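2 protein chains.
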Amino acid sequence: MNFVSIQLNKENKTALYVQLYDGLRELILAGKLSYGFLLPPVRKLAGFLGVNPGTVVSAYKLLEQNGYIFSRAGSGSYVAEIPDLPTEEEQAALPDPEVELIPSPPTDLTTGCIDFATVMPPPDLLPIDDFKEVLIEVLDRDKGNAFSYQDSQGFLPLREAISVYLKEQGIRAQAGNVQIISGAQQGIDIVAKTLLNFGDYVFTENPTYPGAIAAFRSRGAKIVEITMQDDGIDIPDLEAKIRSFRPKLIYVMANIQNPTGFSYSLVKRNRLLGLARRYNAIVLEDDYISELDVSNNPLAPLKALDRDNRVIYLKSFSKIFMPGLRLAFLLMPPELVTKVLTSKHHSDISTSGLTQRAFDLYLRKGIWQKHIAAVRRIYLERYQTTLAAMEAFLPPKVVCHRPHGGLTCWLALPEGISAQKVVQEAQAQGLLLTPGTAFFPRHAPDRFIRLSFAVTCSEAIVQGIRKLGKLLNSANTLR
Amino acid sequence: MNFVSIQLNKENKTALYVQLYDGLRELILAGKLSYGFLLPPVRKLAGFLGVNPGTVVSAYKLLEQNGYIFSRAGSGSYVAEIPDLPTEEEQAALPDPEVELIPSPPTDLTTGCIDFATVMPPPDLLPIDDFKEVLIEVLDRDKGNAFSYQDSQGFLPLREAISVYLKEQGIRAQAGNVQIISGAQQGIDIVAKTLLNFGDYVFTENPTYPGAIAAFRSRGAKIVEITMQDDGIDIPDLEAKIRSFRPKLIYVMANIQNPTGFSYSLVKRNRLLGLARRYNAIVLEDDYISELDVSNNPLAPLKALDRDNRVIYLKSFSKIFMPGLRLAFLLMPPELVTKVLTSKHHSDISTSGLTQRAFDLYLRKGIWQKHIAAVRRIYLERYQTTLAAMEAFLPPKVVCHRPHGGLTCWLALPEGISAQKVVQEAQAQGLLLTPGTAFFPRHAPDRFIRLSFAVTCSEAIVQGIRKLGKLLNSANTLR
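Those protein sequence lines, which keep their order, are chains Y and E. Numbering-wise (the working numbering), the first sequence opens with residue 88 and increments by one. Numbering-wise (the working numbering), the second sequence opens with residue 88 and increments by one.
What the hints contain is simulated information worked out from the structure, not anything from laboratory work. Among the hints, a few may not be true.
Which copy is meant is left open, because identical chains are indistinguishable; a pair holds if it fits in one copy or across any two.
[Stated by the list, open to error] Calculated pairs, DSS-like style, for lysine-lysine (alpha carbon to alpha carbon, straight line, at most 27 Å):
1) K426 <-> K119
2) K328 <-> K309
3) K484 <-> K254
4) K254 <-> K355
5) K230 <-> K452
6) K131 <-> K97
7) K309 <-> K426
8) K328 <-> K355
9) K219 <-> K457
10) K335 <-> K309
11) K355 <-> K335
12) K452 <-> K219
All of these numbers come straight from a predicted model, not from anything done at the bench.
Let's have the full structure, built from the sequences with the hints guiding it.
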């Protein structure tokens, strides 16, 4: 076993988990643990090295953050591919979609950690019994048709039910302009396939969702970042760059942006649409989580203002409902319907008909609406607890934006304090957080932290933020 | 309504459906029916024009064949995008993936046609009750976990069950090298994303599956066709081209190829692998339908011979089982596992966990194996009926290859007879067939027809092939 080469010294001033991180990192960089290698389970390695499991968990987390390994729920941690051994600095600048896309399982129970990293609702919030009922109803009603090939655009009754739902949100929609897809990530991939060719420019907010960056890069597109401010995209920055680059596509999240939680003001929504129109760009609006907007007068999605058919509206039904269901839709300008359909078709023919039929019934019966209302109540409480705890326990120099809702907060640390070091130190103390660096396509500033309350109950939120406050108050060591 | 400009003349020598085809085609080419336009339902247009519905069906089919419209099950027919108004000749050469990918519904009952075009099993062959049982069992067992995010590589127990299944087919496999995907089309798309960049070369058999062509073209890859012979790919052709082009990928179907039904000899399998090794190409083996190989000593898939890890094996579980389920897998060389996982991840995060868990149980309980055995019995009878009827009723100059099984036969017409005209004339007489032109990436010869017996019972097969025989015997008019 390779791991005999790792020497841990409990007398050493360097924390044990950092020593273990260094040892494993060296083995990976030297190619002794090659990519795809399954690392030993936490308890096994802990037993072998004579340390407690928390030390191994922290070392693995740090390796994952820095891109040396990646973990998969239910499977374990694997050595990642290390392309051309980038420097630490370059490494920090690489977006790591894994951080966002493959959530860690909630760890409260197993390791005693407080999880502020995971952004998915825990399994016990998912509405199993209701969904089982509609599944059975669909199978009894549709028989073999539930398993035949579907219309590639999507099951028509579901597209109609979605149009009705959208009208309730202030968006005019027709079933003929709705494309059913297998989750939001596929929506981004399909829009990229439809609109972007090798060398085309695409604009994103900065920071943004790493999965979008990955999909655009996979098309060979060039990404130009536009600074994100707390009332939306930086309009002068957008205007200057759109004139030079003439992007085909602008990818935005106008309501409760991921990762910042910022929402666009009405003025900025209209300015964005005006610029897109003048420079003939398509806007892809990813409605990440507007169901959890708990502000008094939430603004409708950008799509509601889209008078000249320039916005593709992307919405996942499964993200906070049933992430593993893989169901989302695109509402498109009519002239893109056929092209997007073709891209969907060449990607995977169609989305599971059974899922579509069951969700159709779920929506028509109003069970979805009831479920969302219940989830909102739970998260409203956690949201309020989080904001109050941040106000009470975090040093005043830490800037905490108050999002309009959602599942996360975005913290800006004072100048000179490294967010990555804070995250590492917090992990050593049993707090899991996500460093902001993962969300910047490049030149990532090391001063942001995303704190998620998706899987953490109010009691643990208070306890965790108090701990974080203490850590930040003694943050001179983290400079 | 635009359609008033269409004048049909019953006295005219040209068949009514051809007159209607010409009228609609002109409206489309003139841009009066623009792309995405939903054509009126068959009965409505028939009523409006005072013709019988069969005339409209035939005209629509002809428009579809020639790429002017496309139809979607349950939704209707739409005007297709007509890029730069290609000539008839160019049009004939364009692959139309729709033909293959979006099957028409079985038309026997509704229009009196005999359907030799559809390649999907009819809904009444799908094992609904068994599947419902395993779905319920999974929901009761796994609760919310069935709807949580899945490991992007796939549900581990399913990957393990697949490894066991593959070992029974003579293929060594480990769960760690299996990637679960949402149907075979996604497998091709993901492999293309993983291995092909803009301008790379990929080899395909000629003819081949149009959905693969579309996925490769979407990556900006250049396609080089290798002639397909009745014992497999043309080895001297492959050898000459592989030396010049150095393709990254060779896409093949070694058992019961689509559309020809040809299977590779053992010698050609080994030659292909040897050349791929010498010129460092990866082979993507699409195991299209080997479960329906009814020959006495069926050869194992190419992957069983793959001693130096050069073959990616692609297999759909849903194609003849439950097409709308969207479930397939890739078995990969270990060094591609992480790259393919990343591509899957950026495409749609993961395949539906519920589907994976249910199918896992379905496989473990042996229900899948029983279902395939039942389907084999049904198709063996149709296969034998089809071969016997072709021998009895088709002119000796029509070359009918005897496939080892599957759902289709491939007919080569005598020199000088246009397959497209035969297909058109057959449609006018109520026989739906697929012209071979759709399966050639370019320079499509107009002399092949694919005849499918997937949705047609033995009685209708005999009746239909007798009719086709008569038509071909009087084929001088089709030159």
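Status of the hints after comparison with the structure:
1. In the homo-oligomer, the alpha carbons of K426 and K119 lie at most 27 Å apart only across protomers (19 Å), although the nearest pairing inside one protomer, at 47 Å, exceeds that limit.
2. Taking the shortest Cα distances, K328 and K309 sit within 27 Å of each other inside one copy (13 Å), while across copies they are farther apart (33 Å).
3. Taking identical chains as interchangeable, the C-alpha atoms of K484 and K254 are never at most 27 Å apart, the minima being 43 Å within one chain and 62 Å between chains.
4. Proximity of K254 to K355 under the C-alpha cut-off of 27 Å is restricted to the intra-copy arrangement: shortest distance 23 Å within a copy versus 59 Å between copies.
5. When the C-alpha separation of K230 and K452 is checked against a cutoff of 27 Å, the pair qualifies both within a copy, at 20 Å, and between copies, at 21 Å.
6. In this homomeric assembly, K131 and K97 come within 27 Å of each other (Cα to Cα) only inside a single copy, at 19 Å, whereas the closest approach across copies is 83 Å.
7. Within a single copy, K309 and K426 get their C-alpha atoms as close as 22 Å, and across copies as close as 21 Å, so both meet the 27 Å cut-off.
8. Only within a single protomer do K328 and K355 lie at most 27 Å apart by alpha-carbon distance; the minimum there is 16 Å, versus 56 Å between protomers.
9. For the identical chains of this complex, K219 and K457 are neighbours both inside a copy (16 Å) and across copies (26 Å), given an alpha-carbon limit of 27 Å.
10. Proximity of K335 to K309 under the C-alpha cut-off of 27 Å is found in both arrangements, the shortest distances being 11 Å within a copy and 24 Å between copies.
11. In this assembly of identical chains, the alpha carbons of K355 and K335 lie at most 27 Å apart only when taken from the same copy (20 Å versus 47 Å across copies).
12. Taking CA atoms no more than 27 Å apart as the test, K452 paired with K219 passes in both settings, with 14 Å inside one copy and 21 Å between copies.
The structure fails to meet hint 3 from the earlier list, while all remaining hints are met.
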